[in-house]
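Participant: Sequence:
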Amino acid sequence: MGIKTQPVDIYEYSSKDNFQAYIAVHRKPLIIRNFDIGECLQIWSTDYLIEKLGKMDVKVHISPVGRMNFLHKNFTYKTMPFEEFLSRTSGNNRKKPDKSGLRPILCDNEVLYLRAIGFDRRGRNVANFKHDFPQVANDLNYPDMFDENKFFSSVLRIASPGVQIWTHYDVMDNILIQVSGTKRVVLFNPNDAPYMYLNGDKSEVMNIDNPDATLYPDFYRAVQHLCELQPGDILYIPAFWFHNVLCNTFSIGVNVFWKHLDNEMYDKHDVYGNKDIIPAAKALDHIGKARNLLKTVPKECRFFYLHRCIADLKKAIDETLNVETVQVSMLSEEIAKNSSMLAETAISLINYEEAVQTSSSCKETPKAKDCEEETVPRSDFNLEKSVTLNGTENNANTSNSYQETFGIVNNKNGTSDNLNFYLEKKNAVDCKEPIASTSKNHDNIYLKGDEENIQE
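Residue numbers for the sequence shown follow the UniProt record's numbering, so the first one is 1 and each next one is one higher.
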């Protein structure tokens, strides 16, 4: 079995309106370029950051291996000065003390990872980079991609080379701004959830490059959307898209999250942006209760009722797909209508030019036998008339394409996604229980330490 992959599209940023119009139709990841993220790109050296932030205390993950596993906790937490953290993270993994006298905390070749949190000791406040790190906040320009009143959090992330963060999803749209170093990011469509072996918001599959086919056979059915982030790149990650991040080098980045749904959808106690939206959380809770209730049903009729539940859930999937198909059909009709308007405008322009030429010809040879009465252009035709294509105005005398309007520059097929996208109806969900890993390697090490669960 081979892993199916697909590259993430590159998007040339032009404006917030164009970006929002594009993602409203295409809920998929994008590498965003052509945006100035600020001086941080040039000045965020380790020496500079130590000078500005060195005395601050930060709580970090420490692991004996790069592939971190949140479900089985193969890492621990430790609070240390920012200066010490950067010294341990940016240098070569040490097997002996360096000039500062720093020795390994857990073992040789350990890795460290900072996911900045708010400085409330109770962990009740949301991370806000500009508020939490005011000494360097002005070095970074936030991309203008969402309404300010939708802002949720901004998170500083710094990691050792080789750190790999477990596959998970967030319930809010977010962007990952890569400032220093490079990262590989692998993303999975939410529609591939049946193949992800989920445990809450996280996948049980740790080795996504070579998954165990005996434990996770369906994982090979998921398509991996791949990208490599360079300094200055911005990755747009839509809500509910699974993502796995591998730091190729010492890496610095900032995540910005915003609420793309109505505010009342979100749990007000969620400080990490990963609690399921309220109606869905309640539905999942009811499903859990239903499973427990069905365990009390006599075995000879338990499967009957389980299959009834499955049939109801499949019906809900079909109904959702039908609604989305209708919406796509309506959008296609709108695009076709607007294309027709463009064609009519072009024909009107041709008629206008022919009318002018005929008028000019008549004036030059007023006595010609086959010269008709001077033709007057249509009074309802406006040369500056503009039409709306999927919410974006285009002047009729320009040649801007839909693709150029939204800034998409490439995809797998080298063609525009905008007129050719479609929804593929998924196969019925395989409802068997995920098989828990029983391997006894570093992925399953539990390290005794701070019990507070810093999320991804």
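These are computed hints drawn from the structure, not numbers from a lab.
Don't take every hint at face value.
Here are the simulated lysine-lysine pairs, BS3-like style, with alpha carbons at most 25 Å apart [what the hints assert, rightly or not]: (1) K275 <-> K289; (2) K295 <-> K28; (3) K295 <-> K16; (4) K268 <-> K295; (5) K150 <-> K289; (6) K16 <-> K4; (7) K28 <-> K275; (8) K59 <-> K295; (9) K268 <-> K130; (10) K259 <-> K282.
Participant: It remains to establish, for every hint, whether it holds in the given structure.
Facilitator: Right, here's what the structure says about each hint:
Taking the CA atoms of K275 and K289, the gap is about 19 Å. The hint holds against a cut of 25 Å. For the hint linking K295 to K28, the alpha-carbon distance of about 39 Å lies beyond 25 Å, and the restraint is violated. Restraint check: the Cα-Cα separation between K295 and K16 comes to about 51 Å, which exceeds 25 Å; the hinted pair is violated. Our distance criterion of 25 Å between C-alpha atoms is broken by K268 and K295, whose separation comes to about 33 Å.
A distance of roughly 34 Å separates the Cα atoms of K150 and K289; the hinted pair therefore is violated under the 25 Å criterion. A hinted pair counts as satisfied when its Cα atoms are at most 25 Å apart, and K16 with K4 does not qualify at roughly 33 Å. Taking the CA atoms of K28 and K275, the gap is near 21 Å; set against the 25 Å cutoff, the hint holds. Restraint check for K59 and K295: the C-alpha separation of about 43 Å exceeds 25 Å, so the hint is violated.
Under the criterion of a C-alpha separation no larger than 25 Å, the hint pairing K268 with K130 is consistent with the structure, at around 21 Å. Between K259 and K282, the direct Cα distance comes to roughly 19 Å. Compliance with the 25 Å bound is thereby established for this hinted pair.
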